[in-house]
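Asker: Residues per chain, in single letters:
There are 2 protein chains.
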Amino acid sequence: MEYTDGRGSTPDTLIVPAPPEEPYVRIVPLGGCGEIGRNMTVIETRDDMIAVDCGLMFPDDDMFGVDIVINDFSYIRERAHKFRALLVTHGHEDHIGGIPYLLREFDVPVVGTGLSLALTRAKMREDRSKKDLRFVTVEPGEAYVDGEIATEFIHINHSLAGACALAIRTPVGTIFHTGDFKFDQTPIDGRPADFAAIARVGDRGVLCMLSDSTNAERSGHTLSERTVGEAFAGIFARAKGRIIVTSFASNVPRIQQVIDKAEQHGRKVAFLGRSLQNVLHFATELKHLRIPPGLVVKIDDVDEYEPEQIVVMTTGSQGEPMSALTRLSVRDHKLLKIVPGDTVVISATPIPGNEKSVSRTINNLYKLGAHVYHGASAHVSGHGSQEELLLMLNLVRPQHFIPVHGEYRMLVTHARLAERTGVPNENVFICENGDVIEFTASGGDKIGKTYGGNVMVDGSGVGDVGEAVLRDRKHLSADGIMMVVVTVDAEEARVVAGPDVISRGVFYLPESGDVMEELRAKLVDILSDCSSEGIRDVATVKEHIRSGLAKAVYEKSKRRPMVIPVVMEV
Amino acid sequence: MEYTDGRGSTPDTLIVPAPPEEPYVRIVPLGGCGEIGRNMTVIETRDDMIAVDCGLMFPDDDMFGVDIVINDFSYIRERAHKFRALLVTHGHEDHIGGIPYLLREFDVPVVGTGLSLALTRAKMREDRSKKDLRFVTVEPGEAYVDGEIATEFIHINHSLAGACALAIRTPVGTIFHTGDFKFDQTPIDGRPADFAAIARVGDRGVLCMLSDSTNAERSGHTLSERTVGEAFAGIFARAKGRIIVTSFASNVPRIQQVIDKAEQHGRKVAFLGRSLQNVLHFATELKHLRIPPGLVVKIDDVDEYEPEQIVVMTTGSQGEPMSALTRLSVRDHKLLKIVPGDTVVISATPIPGNEKSVSRTINNLYKLGAHVYHGASAHVSGHGSQEELLLMLNLVRPQHFIPVHGEYRMLVTHARLAERTGVPNENVFICENGDVIEFTASGGDKIGKTYGGNVMVDGSGVGDVGEAVLRDRKHLSADGIMMVVVTVDAEEARVVAGPDVISRGVFYLPESGDVMEELRAKLVDILSDCSSEGIRDVATVKEHIRSGLAKAVYEKSKRRPMVIPVVMEV
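First to last, the protein sequences are chains A and B. For the first sequence, our numbering gives the first residue as 5, with consecutive numbering after it. For the second sequence, our numbering gives the first residue as 5, with consecutive numbering after it.
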């Protein structure tokens, strides 16, 4: 396994001191510090250890061919004997996406609210390697206790149902982890965050708070989910034809608002996309969704209604190539065709990196004649802005503070906010993944560093794609590859077959016959030079082939393909 | 050459009817319609033809290894005998970046204002293939006449100096091309757009207007460049240490504002980055910049001053990997090191696709302890918003309208704006690149379609990288490549060397010895099966190797590398 953390935490620079004699708690963020995604934090006392969340991150552009990025579980592995449970704050990919990989290795209960576990279970079904799951459902307000760590789940608002903050009681003090949150004073389900519980936890004293930094750079207050409903009301009133709405599948409050507005405007709702169907099923079962009888129709039956009687909810808010909306936008979906007069509402903002693909989808929808609403006109964030972060800090009044879930600049900005509410500068820890923060009765400090790097998943391989493989893929992607194969008679040092030149991704071959023939002639010269100079060592011959061909190709085309010489001896 | 226009304009669907008997003018946008970049429009009468601008576009993520994208000059090539001149509206890359490629093939004068030509000449120096250039400098207000086409250059505002709109008089009527523009009522150089000239052109009647759609989706009015100066004033007043400002090198008004604020705050200015040095040189020579004597210092001398006496202007506002700011952000620049207390001002917004790299640079600067201002806090757009587009439409009052320079949705939005000012719906043409619009005394219409596709430049190759090469590069980038080489005795159908398996970008080899050995054993089996089944045809043996190895690798790793079997016969 290779450790590829961009911030230099190679295994040889890692040190985790032995635990102290006195009672302690260690907080180790394994992911989500300095990045958006793969959130995971380890909380460890002398005898017990839990983890909060186990997310995935989508690969950067330069992680060629990588499917997802998960966390390095080494720190947990080295302390597996006291690993008691994985606690889940909510069911988003960046909080649960790594769980199938964690459970392959560690047989621990997964603890969370109903929807969080339903979404996790759906992921486990995709991953068939694990049969017996120990899932423990808790309701907000309940606690989960194992050993000397007791965790209370506290209802907060976020862009899906069942999201919780965690008050984690340890022998040294309480750790408060906000999860991802916003304070919505007028949420769709009528349940604002449990201010009483948060305030009570704060009142009893909090040793350290970890808080969501995603929107730390945004001033003011994130708008209520209800304002999206107001925007929908305007869109529904104006729309003459069908309405197609896309959002994150797990955004249950958003689904509810689409259902409510459809009912008010006499439209039926059909759902398109497997993940949306899944969520619909769980959320209805768990009573997070109220669907009037007869409102939902099958997607196959949509054509039986007039356009103005139909709303379709679909996946694809991020312009994902295989998603329903992307396929609709290029008229490549069997079940539905966009026609002029349709209204498409993209009720989400692009995740950084997805801007171009979302934009492409919007352009394609315009070309089909659809009206398109997107961005802030039909979406609000699920993460609290500065005023909410400050309110959380003032409710909890932590002794120490660790901003989490954000890029470095967001963590720094959040740290400054905490200091403004009175947390002393020296009690604020801006962490990198793998930092080990230890608290004892005498205070807290960064005391070490463990494995916090990326583990890349490609196909069924976990962690076997590292820098070397990515470097090769990058080189191949930019310039292609040329192989030279030649068979020589080892005794006589004579070419008996070849040289053959095989190229992929360098030239357009049907039009490059002359070039290839020239290069082949060049290779014949190189080999004959080797022969006349009496060079018989295969490694040297290969190097002559490699450098000679690379030079010839560069002179011809200013390109630098990977060149692989193969010399077979008979 | 391959035509890869995403919108389906393959050569065989292209038709350009023969010209009519009566006088006519044809307008052919070759680039910039449905995309941001590679702007170019051909204007053609019976005897003469000019082109407006000749830009480049930066490659999309899926154009692996492509350096830049330029226009297809086929339409010009087929009418080269009457190609009279290239007129340049301004010196941005998306308007001049393709000129070196155009001039390799066509010996026409390039006509534009001093700075436009200076920036073009700098590009030609990079491209040494062309020795004798015919550059014709015009001042705003002057006209360039060749044959039956006479073009007046009209001063407008944009984010660099020397930008012009063009009033192109033809026998059939006047074509008004706005170039890229905004209406800045309080510009830094004291020269608002030449409203009188625009209104006069409008008054005399305009057959068709082509107008910049970049900000067509933004309501209201783009802020004046002067407001950036106000933002700078606040930043300069607060900054305790050095100030490092980055912007587009060609943004002369922005450079002027940095110089002005530096002077007011008693700071010297140093410049870092070659393109910035170039622009500084041209712009000073052309009197677009007023630099007080003694204000500019060499970058090597910066350390001789106190931090609060220094401003450094640098390139790298887009997070380009090799740019000065990017290297500063990772402490990889010989001439300058960022230290805590430095203030960095990124006076630009990321071009779509560059969001992640700009964000990475900002995070890295935070890590070095710099204060960072970025985005709207220190930048205004150079493109007019809806109110300015409407004002232009009302000043020019064109009979026909073609929105250009924008993605499809921006063109549609701009078209709706034009209709609101009274341009009849049937006189508005939303074009794809390569559309041919013809005007005669009896009206105008889309009459044909010519080559409007992308021409990709990779190294010194222009247009030889097409879909097939990109498909290979994409495959290689995602999954790598495995080659199997085996030498057989053709007569005896016996393996005499190999099989050897060579892999790049698939597995991390030092840890994959077992896997490779397994795969090799599998291949030995495949070859021996071929042999015992009497299969001697090389193509069939190769197919057995290819499919057998692909299957084995997929079962092992769920990866699908490119598999290349090579069978050498001796």
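Simulated from the structure, these hints should not be mistaken for lab results. Treat the hints with care, since some could be wrong.
Identical chains blur together in the list; that is why a pair holds if it fits in one copy or across any two.
[Claimed, not checked] Distance condition first, Cα-Cα at most 30 angstroms in a straight line; then the derived BS3-like pairs of lysine-lysine: (1) Lys302 - Lys244; (2) Lys478 - Lys555; (3) Lys338 - Lys478; (4) Lys127 - Lys450.
Asker: Now, for every hint given, state plainly whether the structure supports it.
Answerer: Each hint, compared with the structure:
1. Only within a single protomer do Lys302 and Lys244 lie at most 30 angstroms apart by alpha-carbon distance; the minimum there is 21 angstroms, versus 64 angstroms between protomers.
2. For the identical chains of this complex, Lys478 and Lys555 are neighbours both inside a copy (20 angstroms) and across copies (24 angstroms), given an alpha-carbon limit of 30 angstroms.
3. Proximity of Lys338 to Lys478 under the C-alpha cut-off of 30 angstroms is restricted to the inter-copy arrangement: shortest distance 27 angstroms between copies versus 36 angstroms within a copy.
4. Taking the shortest alpha-carbon separations for Lys127 and Lys450, neither the intra-copy value of 35 angstroms nor the inter-copy value of 52 angstroms comes in at or below 30 angstroms.
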